[in-house]
Amino acid sequence: MLKMTNVSKIYRTDTVETHALRGFSLTVEEGEFVSVTGPSGSGKTTFLNIAGLLEELTSGNYEIDGRDISSLNDKERSRVRNEKIGFIFQSFNLIPELNVYDNVDVPLRYRGFDAKERERRIMGCLERVGLASRPTHFPAQLSGGQQQRVAIARALAGEPRFLLADEPTGNLDTHMADSVLDLLAEINEAGTTIIMVTHELTLADRANRNLFVRDGHIHDGPPELHFATAANA
Amino acid sequence: MDIGPIWRAMLRNKSGFVLIALQIAVTLTIIVNAFGIIQERSGRVARDSGIDEANTFAFASVLFTDYEREQRKTLIDEDLDLIRNVPGVINAVASNSFPLRQGGWSMGVALEPGNQGPESVGTAIYFVDEHGAETFDVDIIDGKNFTPGQVAWSIENDNTWPAYGIITEALGKEMWPDETGSYVGKTMFINDTDPVNIVGVVDTLQAPWESWTGVERSMLVPQRRPSEFVRYIVRAEPGMRDRLMPEIEAMLAASNKDRIIRDMTTMDEVRKLAYVGDAALIKILSFVVLLLTIITSLGIVGLASFNVSRRTRQIGIRRALGATKPAIVRYFLIENSIVSAIGLVVGSALAIGLNIVMVEAFSLEPLAWYVIPAGVIALWAVGQLAVADPARRASNISPAIATRSS
Ligand SMILES: Nc1ncnc2c1ncn2[C@@H]1O[C@H](COP(=O)(O)OP(=O)(O)OP(=O)(O)O)[C@@H](O)[C@H]1O
Ligand SMILES: [Mg+2]
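Residue numbers (my numbering), protein chains in the order written: chain A, 1 to 233; chain B, 1001 to 1406.
None of these hints come from the bench; they were simulated from the model.
Each hint should be verified, as a subset may be incorrect.
In silico lysine to aspartate or glutamate, EDC-like type, Cα no more than 16 Å apart, as pairs [what the hints assert, rightly or not]:
(1) B:1186 x B:1112
(2) B:1173 x B:1119
(3) B:1014 x A:97
(4) A:116 x B:1002
(5) B:1186 x B:1169
(6) B:1325 x A:74
(7) B:1144 x B:1134
(8) B:1325 x A:76
Work out the full structure: start from the sequences and follow the hints.
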């Protein structure tokens, strides 16, 4: 369970203060598939980064599974990221010098699993995303859809409870996007909580809960509704 | 983090690492061999000349008026009398040369009388009276010093060699390699047929030529030589040398105006002059060692910094996937250790090869066993230090990079 209370995020540069998130509260329950939509610059990525412990919040309170995150040091935050959270990025973010097998291996090594356990998990996850036949390929030798599948395998290998995805289909054509989304739905079926930022309403529709972000405020409810109110206002 | 994936990633991006490994190899090759030479030269410079260098000085008295042989003898006796009675003087002697002076008298000595064949042994000769041993500060470890009766003036037109000698242990060992007892009482031949009875043995008194392989072989000969050019050697009490030098110079200049006193020099200066080449070589090679090490560490810093910026994104991704800051630092340290290991293995082989060539070409000593291992450890440590700062910067890259830049 993720529980955010009064969370705000302010980016300070020399000249400007950007209020990326303006004091919102939100609870994501176990097993939910949450979509996050909203205009560009509204704070979606910021929200995801805070949820995934990639950035620290400016004020407010954040608990994962009842544990207060703000008191953790860098090492403990790294550990939470490693064990509880899987990330999927728009630009795949595979490590170019490592082949498919070694890419999926990265979080497992930080976890400290032995070689046997790592191999079992890597091959299991590659199987699951349909790439078990290409462990020695390098990212540059794969299509975008295949790269994103490797990234999903890497995110799943640690058996995280939460999968955070920032526009996972943003760099894919519709066909590949659909198949990636099928995969995410399947993963959610199996019990993993997913929070996915997306621009596309058709994809957002496949989630069972929709969040809409505007000007750093997060609202619950289907995006169509918010677009409608925005248009009416 | 394990070596496997770090190594495999390096293979995908070889060129920079290969260059640095090569640089490390060449650096190791040169610095250990340079160090070997430094070590050898330092060893030479550190050899004991045998004399009390810190408290000894020398000068020459040169007659410019024609003196009869007997007048010259009298002047030398008077001079030595004056010098030896100056408070602060331990002893003084007139001799032809002294250690480190680079010029002197050498003779061949042999076990049998007759023509000196190749089996004769070269030795430096110091003509002294019975004060020579104390002035040169040599320990007579066997036998006795010359008695005044054994010391004599040389005789005009008579080349017969004095019958007594005090030799260095090294000379004895060269003459009688199998002798385990005493050299005292033995006879050797000089000047073809003149016998020399060994009355004493001293531990160390170097020949005047520091670069001669037989530098440890010398002999004190109890003969006084009344020439127009006389070299005096004076040993002072500790701390008195610098005061005595001008004092004695003035005293002798005043005591006899038919000669001049010149070439006043301390043994420290003599030593400096003798080893000026070695000292320069040691300085130059130390500088080379330092420079190469600095250049190599700069190369390592450069490559690591370049790799940090090249991998900014991947480091953020690793952080997002659960790498702690120390894990990022460790990645760079391991990567550097791998490059160093390759460079140092190749470098060790090259260093041994170069040493073999140098030993043969310049008849140097082979490297001591620990020089290469010490160089390996030192360069490995330099590498780790060099990547420490870039690695620390890498560990401060935010994991948010993974979502922010594309
Ligand atoms: N590191 C930063 N420093 C300063 N301002 C930032 C930083 N990161 C984001 N911002 C600002 O915070 C606001 C929210 O950005 P965010 O990336 O969360 O938007 P987004 O909803 O993900 O947009 P998009 O749909 O274009 O990805 C923006 O105004 C952005 O310029
Ligand atoms: Mg965004």
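Inset, instruction - Check each numbered hint from earlier against the structure, then list the numbers of those it violates in ascending order. - result: none
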